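K.L.:
Each chain, written out:
Number of protein chains: 2
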Amino acid sequence: MPTDARAADFRRRLDHAAEATETALDALLGSGALPGEITRPSRLLEAMRYSTLGGGKRLRPFLVIESARLFGVEGASALRTACALEMIHCYSLVHDDLPAMDDDDLRRGRPTCHKAFDEATAILAGDGLLTFAFDVVADPATHEDAGVRAALVLALARAAGLGGMVGGQALDLQAETASTPLTQAETLRMQAMKTGALLRFAVDAGAMLGGANPGQARAVARYGDALGAAFQIADDILDAEGDTAALGKRAGKDAERGKATLVGLLGLDAARARLDQLVNEAITALQDTGRGDATGVLAEAAQFVAARRS
Amino acid sequence: MPTDARAADFRRRLDHAAEATETALDALLGSGALPGEITRPSRLLEAMRYSTLGGGKRLRPFLVIESARLFGVEGASALRTACALEMIHCYSLVHDDLPAMDDDDLRRGRPTCHKAFDEATAILAGDGLLTFAFDVVADPATHEDAGVRAALVLALARAAGLGGMVGGQALDLQAETASTPLTQAETLRMQAMKTGALLRFAVDAGAMLGGANPGQARAVARYGDALGAAFQIADDILDAEGDTAALGKRAGKDAERGKATLVGLLGLDAARARLDQLVNEAITALQDTGRGDATGVLAEAAQFVAARRS
Chain A
1 MPTDARAADF RRRLDHAAEA TETALDALLG SGALPGEITR PSRLLEAMRY
51 STLGGGKRLR PFLVIESARL FGVEGASALR TACALEMIHC YSLVHDDLPA
101 MDDDDLRRGR PTCHKAFDEA TAILAGDGLL TFAFDVVADP ATHEDAGVRA
151 ALVLALARAA GLGGMVGGQA LDLQAETAST PLTQAETLRM QAMKTGALLR
201 FAVDAGAMLG GANPGQARAV ARYGDALGAA FQIADDILDA EGDTAALGKR
251 AGKDAERGKA TLVGLLGLDA ARARLDQLVN EAITALQDTG RGDATGVLAE
301 AAQFVAARRS
Chain B
1 MPTDARAADF RRRLDHAAEA TETALDALLG SGALPGEITR PSRLLEAMRY
51 STLGGGKRLR PFLVIESARL FGVEGASALR TACALEMIHC YSLVHDDLPA
101 MDDDDLRRGR PTCHKAFDEA TAILAGDGLL TFAFDVVADP ATHEDAGVRA
151 ALVLALARAA GLGGMVGGQA LDLQAETAST PLTQAETLRM QAMKTGALLR
201 FAVDAGAMLG GANPGQARAV ARYGDALGAA FQIADDILDA EGDTAALGKR
251 AGKDAERGKA TLVGLLGLDA ARARLDQLVN EAITALQDTG RGDATGVLAE
301 AAQFVAARRS
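Those protein sequences? They're chains A and B, same order as listed.
Take 1 as the starting number for the first sequence in our numbering and just add one per residue.
Take 1 as the starting number for the second sequence in our numbering and just add one per residue.
Be a bit skeptical, because a hint or two may be false.
What the hints assert, rightly or not - Label-pair restraints from in silico Cβ distances:
| # | chain 1 | residue 1 | chain 2 | residue 2 | range |
| --- | --- | --- | --- | --- | --- |
| 1 | B | A273 | A | S42 | 32 to 42 Å |
| 2 | A | G211 | B | G75 | 23 to 33 Å |
| 3 | B | E19 | A | T180 | 35 to 45 Å |
| 4 | A | G109 | B | S42 | 28 to 38 Å |
| 5 | B | G75 | A | D269 | 40 to 50 Å |
| 6 | B | D26 | A | G211 | 34 to 44 Å |
| 7 | A | D15 | B | D15 | 53 to 63 Å |
Stated by the list, open to error - Straight-line C-alpha distance at most 20 Å; calculated EDC-like pairs for lysine to aspartate or glutamate:
| # | chain 1 | residue 1 | chain 2 | residue 2 |
| --- | --- | --- | --- | --- |
| 8 | A | K115 | B | D105 |
| 9 | A | K259 | B | D118 |
| 10 | B | K115 | B | D105 |
| 11 | B | K115 | A | E119 |
FYI, nobody ran anything at the bench for these hints, they're computed from the structure.
On a predicted model such as this, the values are computed, not experimentally measured, just so you know.
Yeah, the Cβ is synthetic: ideal placement off N, Cα and C, and Gly gets one too.
Pulled out of the complex, with its shape left as it was, chain A reads as follows (with noise of 0.2 Å):
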């Protein structure tokens, strides 16, 4: 396929999964999340869908949607996988935004979710978030083979736990108060949980799903690790050079707030440099799951994940 058609292809199969995880997702949290009660948290279950709904690139949906594809799964499995992954990572946004986090008051243009309604009512939300995330891939409707089922929550929770996305965001915020900087080493690696656990997990479960030999499940697993590395020199760059506007969040905070980045530690040439680096690890990574051309389009995201202004 030439380069235009495939990055055409790319912005439609991207488009596609967002429309597809944000109806399943309000499918998921609309009246029928909570069958039979005669009492209803009415105001957490509408913090549970803003903090969902309304949009975002959703490209760790797409990248569930898009593994799952490559070894031969469409359909319901995967979006449920991708709208679990999605609210774990909603939940996470929520919780980073309190006022005894990172404190903003903006996300994706809008306030954030204990603006728009209060600090208890988004530490719940962010919690019943959480909590749904394991309900929808613990539930039958998201594989017929309950190995499956048990191995996906093993590995969301491994990706979101201590040793992943919590654990990254704690070791993120002790740095800021820390009298020595992260060092280069240290800084990879709390991104790494911070962030790139749930992007890894994202292709992850498309090889589960699909029942992929070990040879592409390992080609997959380095193909999110180095994706994951390069969406945050990605991050790190755009917050270093970015305009709040386009951000639709305040652009310059984690300089402000002396945030340990590749950024700060290399200078912006040679992470520019090295997130050239690390989509081509992504790219030649896709090669060994033996799939050919079929992995176009996850080669295609590595590119998109690096080039992105927002």
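Once you've looked at the hints, dock chain B against the given chain A.
P.N.:
Below, chain B alone, put in the same frame as chain A:
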């Protein structure tokens, strides 16, 4: 078994379950909790340990262990499930104690997590414990049958989520600021979600681990529902008449905050009568498990829940 011997047997088993749970939680949240990490979120792990270790009656773990034993299961399966449930109970206490929620300084006679650490760490410690609970349940070490593990994850997520604990907590907060107080039916429903769902899960989990037949599972579920309701009424009575020293937390705070309680709705005498009735319901339900004298320790647990002074 004579009444005195039964009570002694119960206390011995309760203590034994508490010790086993403490040891297992210590191991799960030990240095092995982060295999191979070059960077450790040590403060977060410390906060997670602070919030789960060091006592408590461990009623929920006890119920998992004894329900599993009723259906022929002992050892790691029951203990790991018990630990996962306790992690969720403990996370809920950490988040409930936050300034934006109940704003409590004291828990089990010690500073609450956000007082001992800080608010951001307490939020993340709760998130980490909630996530780790699903990690533990989904791990093959918990049960050889992935179908059982997936079913446990699903039941636990439902008990802890929007239609269970988190939803109940949201309703409780909503009621504090509502213009009209909750009715009796609404209060019962809110309490069944907030407190009852996890207690019900505890005994359901035992039935799932042990492959109970549908009639046995229904009987145990009825026991769990009655026990959960009894637990909450006993809690309301304690709060209304208890003293701070015995409780290890501030007494009378429910009335102060205008929380919906059955004591407030019915008065103390009617609440006590309802409590007796629920204990009888719980004990009657046990007879339908067809496990005869083996149910004695769970019957004793229902008495204990009703009679507890802290």
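K.L.:
Hint numbers the structure violates, sorted upward?
P.N.:
Those not satisfied are hints 5, 8.
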